[in-house]
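If you read the protein sequences in the order shown, they are chains H and Y.
This note's numbering applies: residue 4 is where the first sequence begins, and numbers increase by one.
This note's numbering applies: residue -7 is where the second sequence begins, and numbers increase by one.
Check each hint, because a few of them may be wrong.
Sample of chain H residues facing chain Y (criterion: CB under 8 Å; computed from the structure) [as the list claims (entries may be wrong)]:
| hint | residue |
| --- | --- |
| 1 | L71 |
| 2 | Y107 |
| 3 | Q109 |
| 4 | P111 |
| 5 | D113 |
| 6 | D278 |
| 7 | F282 |
| 8 | N292 |
Hint data in this document are derived by calculation from the structure and do not stem from the laboratory.
Each residue gets a CB set at the ideal place from its N, CA and C atoms; glycine is no exception.
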Amino acid sequence: MKFLKLKKDQIEDFFDSIHSFGIVYAPVKSDGKISFRRAQNFSDVSLEYTRSQIPPKHVILPMEEPILKFREEEYFEVVDDENKVLLGVHHCDIIAFKMLDEVYLQPPKDIYYHERIKRTLIIGLSCIPDNYCFCKATNSFYTSDGFDIFLHDCGDFYFVRVATPRGLKVTENSKNLFEKVDEKDMELFVKAEKERFERVKGKNLWMIGDLIELRDENFWKIFSERCLNCGNCTLVCPTCQCFEVYDELEEDLKSGNRFRRWDSCMLRAHGLVADGHNFRERTEERLRNRLSCKLGEMRCVGCGRCTVYCPTGIDILEIVRALKE
Amino acid sequence: MENEFLPRRVRIEETKMMTSLEKWFKLDAQLDFKPGQFLEISVAGAGEAPISICSWNGVEICVRKVGRVSSALHQREKGDFIGIRGPYGNGFPMKEIEGEKLILVAGGLGMAPLRSVLQYVLKNRKKYGEVTFFYGIKCLEMMLFRDELLKLMEEENVNLHIAYEIEDEEIRNLKKRFPERFHKGMVTTLFEKVKVNTESFVVVCGPPIMYKFVLKKMEELGFYKERIYMTLERRMKCGTGKCRHCVVGIGSSSKLICRDGPVFSAIDAELIRELV
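Work out the full structure: start from the sequences and follow the hints.
Here you go:
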């Protein structure tokens, strides 16, 4: 790791410099919500934010993407070879990418994910936690890898961590913007991180996996009765990996595209098989499966999005509390 | 880099309607596979579906017309092309079963993957002990691979018994031709009608509901759980453990059917919640 310092009045110049490494995606505010979008001007970017509504996952794993072109039964691959810079990613969302890596890069590798992640420069950013965050419980409060560069907000400067050769190249490209760190900077970095730490509530998830399995239907019904089966919780989840594959024909009815798009285990069709049998027919079964995936298999980074964006206020930590009662 | 999602184009060598719902396809493909593995079958414009290989001598599939992909597939004839990916999944532990007695239990379309086991065993007949085949069908019209199974009844290689629900003239005739081979009832009734060795290995495939009954029956009879294998169905979209449609179980014991299965033992069924 290399440590540097970037004064806040230099951040705009830094932003301008990273465009030479790829198309820049950054947190942009619109309709009061933060989302990761293509950002050309620094004035569009909001670096001080708590959580984006949709996680940055879609930059690497688009909501919908063509994976193949076909003409009759000849198939051709469609691979995105755009170089990207993903700026302003919080610790939890970086750790979520590491979880997605485990799935998508495990053999056989998913080339669509792999091509994008390897062409994407990730610049992390320290966050502003709120009461919905529980990243301490999921061990995703702080990350030491999964990024090229990390910017820690320390008041009037960013304490910068450089983790990869690619990250080093970026900082050396704009050498004049960065300064060496001294003892005082280090102290301010530690102070800022400590303050951030204090803001996240302590939670405990021990034996949650077993409790999810032990609780019966009636337990899950308490929560599933409020569930609208809308799939919002999975849509906003940075670790959700499920996808659907489908074809679309062109007008000649011979050629077309094979797409994949995000799917949700909270939707009824997820567990359906060909003869009409459904392995997770009821909402309570789907809710338990989601909790099992997130907290039983620990594929959760404690970002709080599923709670924040649930239209009926189903709170994942309320379920955790009830599981333990 | 190899793209796992890119189907290989293969020609259909032969087709045959097996029943009013199921069509059989022989594919012009060279494939290294194990009985119990499945393919992702691709029909451009319709999509992909996971389908078991139903053969050992060459690559064949038997497809019930139930959805978009299977309906499109049913329109394909000899000489047409389709796409395939795979094989995927673990397959049946054929090596482990060597030297042992084997019972195959198929219900309905479950015949398809077990035909692959059957052909494998017949090809390596000396390596296996007594082989019993239990096949449950609704009625004779729904019986898959009828001609070859009736031919098997005339031979000594396999002890084949059929359970049926609806009796008709043709079944009555077959009952005369093959005494004690056709029995009215569910596939589990065959365990009552036919003497079986409870030390046998058992391989099972059928509709989801069948596993519960078959496992219960075998537990009553005292079969070894670690010798019972079943192949399970889910809507595997990717076949590579990524799309997660085929997840089963809770928490750390959960499995993906496409990657960890589709073949599981009755021991797995004890440890993985709602596996069957």
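Any hints this thing doesn't respect? Which numbers, in order?
none
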